[in-house]
Amino acid sequence: MSAAAIELRELRKSFGRTPIINGVSLEIGRGERHAIIGPNGAGKSTLFNLISGRFAPSSGSVLLEGEDVTGLKPFQINRKGLSRSFQVTNIFHNLSVYENIRCGVLWGAGHRYSFWHRVGALREVRRRAEEVMERIGLAARRGLPAGTLTYAEQRALEIGITIAGGANVILLDEPTAGMSRTETAYAVALIRQVTEGKTLVMVEHDMGVVFDLADRISVLVYGEVIASGAPADIRANAAVQEAYLGALHKDNAHA
Amino acid sequence: MASPGYQPVNLVRWLLWGGTALLFAVAPLVFRQGFALTMLTQMGTFIIFALSYNMLLGQGGMLSFGHAVYSGLGAYFTVHALNMIGSGALVFPVSLLPLVGGLAGLAFGVLFGYVTTRKAGTTFAMISLGIGELVHACVLMFPGFFGGEGGISTNRMVGKPLLGITFGPAIQVYYLVAFWCFVSMIAMFALTQTPLGRMANAVRDNPERAEFVGYDTQKVRFLQLVLAAFFAGVSGALSCINFEIVTDENVSALRSGGVLLATFIGGTGYFFGPIVGSVVFIFFVVALSGFTQAWLLYLGLFFLAMVLFAPGGIASLLMMQLPVIRARRFGELVPPYLLALAAGLVAFAGLVGVVEMVYRISDQSLETQMSLFGIGFDARSPRPWAAFALLLAAGVAALGFAARRVGDRWGAIQNQMQEGQR
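Residue numbers (this note's numbering), protein chains in the order written: chain A, 1 to 255; chain B, 1001 to 1422.
If you are wondering where the hints come from, they were derived from the structure by calculation, not from laboratory data. You can trust all of the hints, since none of them are fake.
Covered stretches of chain B (chain A as the covering partner; in silico rule of three or more C-beta atoms under 8 Å from a C-beta of chain A):
| # | region |
| --- | --- |
| 1 | 1189-1202 |
| 2 | 1207-1215 |
| 3 | 1219-1232 |
Pair ranges (Cβ atoms, derived):
| # | chain 1 | residue 1 | chain 2 | residue 2 | range |
| --- | --- | --- | --- | --- | --- |
| 4 | A | Asn94 | B | Ile1361 | 47 to 57 Å |
| 5 | B | Phe1142 | A | Asn94 | 37 to 47 Å |
| 6 | A | Ala140 | B | Pro1335 | 33 to 43 Å |
| 7 | A | Asn94 | B | Phe1348 | 32 to 42 Å |
| 8 | A | Gly71 | B | Val1307 | 36 to 46 Å |
| 9 | A | Gly143 | B | Pro1335 | 32 to 42 Å |
| 10 | A | Ser14 | B | Pro1311 | 39 to 49 Å |
| 11 | B | Gly1420 | A | Asn94 | 17 to 27 Å |
| 12 | A | Gly16 | B | Cys1138 | 35 to 45 Å |
| 13 | A | Gly16 | B | Met1320 | 44 to 54 Å |
| 14 | A | Arg112 | B | Pro1311 | 27 to 37 Å |
| 15 | B | Lys1119 | A | Ser180 | 36 to 46 Å |
Remember, predicted model here, so these are calculated numbers, not experimental data. For glycine and all other residues, C-beta sits at the position ideal for the given N, C-alpha and C.
Bound-form chain A, shown alone:
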């Protein structure tokens, strides 16, 4: 019965007459660390938005652990066990670090829209929030407004909010974008640690990060998956080299 964590069937999305996602079919197994790579404008972020419910697809379907979630709202998909981060840091700027994490915890802990519990007295919520804060290394910053954190700290918080609800499937959109080498190395270790035992799907530009973390890689070009497989296979794939890695090498040569 073990259905794939995520299954995409002939997924399509057009904005007006412009097709962005052009019939993507993809299976991502449970516990897999899957990277989606591709040149700028290939539709990687759009694909994430389709899976997480930010946009509804034009046609095709999205299955989460065997269940059809096509066209559901983001909060409905989140409640079914999928959580995502954003490329542009998307946190609660005026709330403290601790409160940011707690927002991620509350629904999963079953408190929903309660206005009859005192949030400070919810032990389980506090325990989970503390644990996440420890894991992302921001415990010392707990009381600060999230907007005052450094960029790398905000990125870590972004991941913290994403994992706080205890979702089984984690989508990370360019988690290391704009980071220095040291920060990237730290972020990779963090991602590896917090997604232990979960399914991870990530969009990433840094090939070092991709080949370091991913079990499997899919290459998206002009809204189509042109190759999907183990890192070694992708590296050896002629079409990928032509369409993507080659272009990168050319860019590098010019630079």
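Please arrange chain B on chain A, whose structure you already have, making use of the hints.
The following block gives chain B in isolation, referenced to the frame of chain A:
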């Protein structure tokens, strides 16, 4: 404030609430004139209204232009309930009537909130304005229930007096309002500490992210509005009991605008902001309107000054001083503050002179012979004009100078405090 609350008993919080209760209890003993009691009663009513408004604006990020709808409809239902008690058709203690108003407000919150909270931001503001106008029009269109332009009047001295409380004397009404105000304050503060209250903050800051942690932002806004409407209804009921009349003014845009003004002046960023705002606002409305026709102008100018120079309201001005006081450096700020205050008073005196003279001349029914600050003069002669204009100009110039002094001192203290932390 943001700490997760490890301490089992929050002593400061208990002291603040205890102090508030004490203040409510002794205020009418200190301010003994009937006039002061009227003002205190209205302040209590308005504090509930403004706090409930801030559940939308400050906590939920919903700018409403029609909050009087809920307090006003709550008041209408209360006035009918009160009249039914009076005619013997209903047996219900007058002291619990705010619950009737609250439930009416809540019911209309469910009805209208379903429409308004579908969208946030400008759309919410526009729809709330529309509903406000709609309800106001309906109130005038159905005189059977709403009493038309004359409104519906009532008599609060009905039913059996409980422990000798008839609600005849104003002092008894004051204590009724004070009780409900205190209870509502605690309830609304408690709501900020619940999962819903916290998520309302999250939805205010970043609705998109809230959707991706499992929350339906529409539902968060809806529930927040319904609860706010309840407290608005409580405040409406109290104003009905206090004034013994409810008219279309109770649901009007004027009142909706008033609560926005008061809340903003007090400050939306802190829970106690609207309380301060209500006190200031009612002072303007009740006290100042007795002295001058131009009170609305002064209120408007004050609001303008707050929006321009202190958008966080009085509450944030006060809270900014806290770290300086803790660092024991507030004393250094006192001289520039006093200077600014003196300059402000001079400028204000000039302004008052000019404004009052304009009113004297523009209103044909008034004599131009007048007196201000104990000095008699004729508003048509040029000399008082020159004097007050000079006063105003000098005050504004001095205020600019004082503001720079405050700014310099403030900047220096902040710098040194930051360096001290390193």
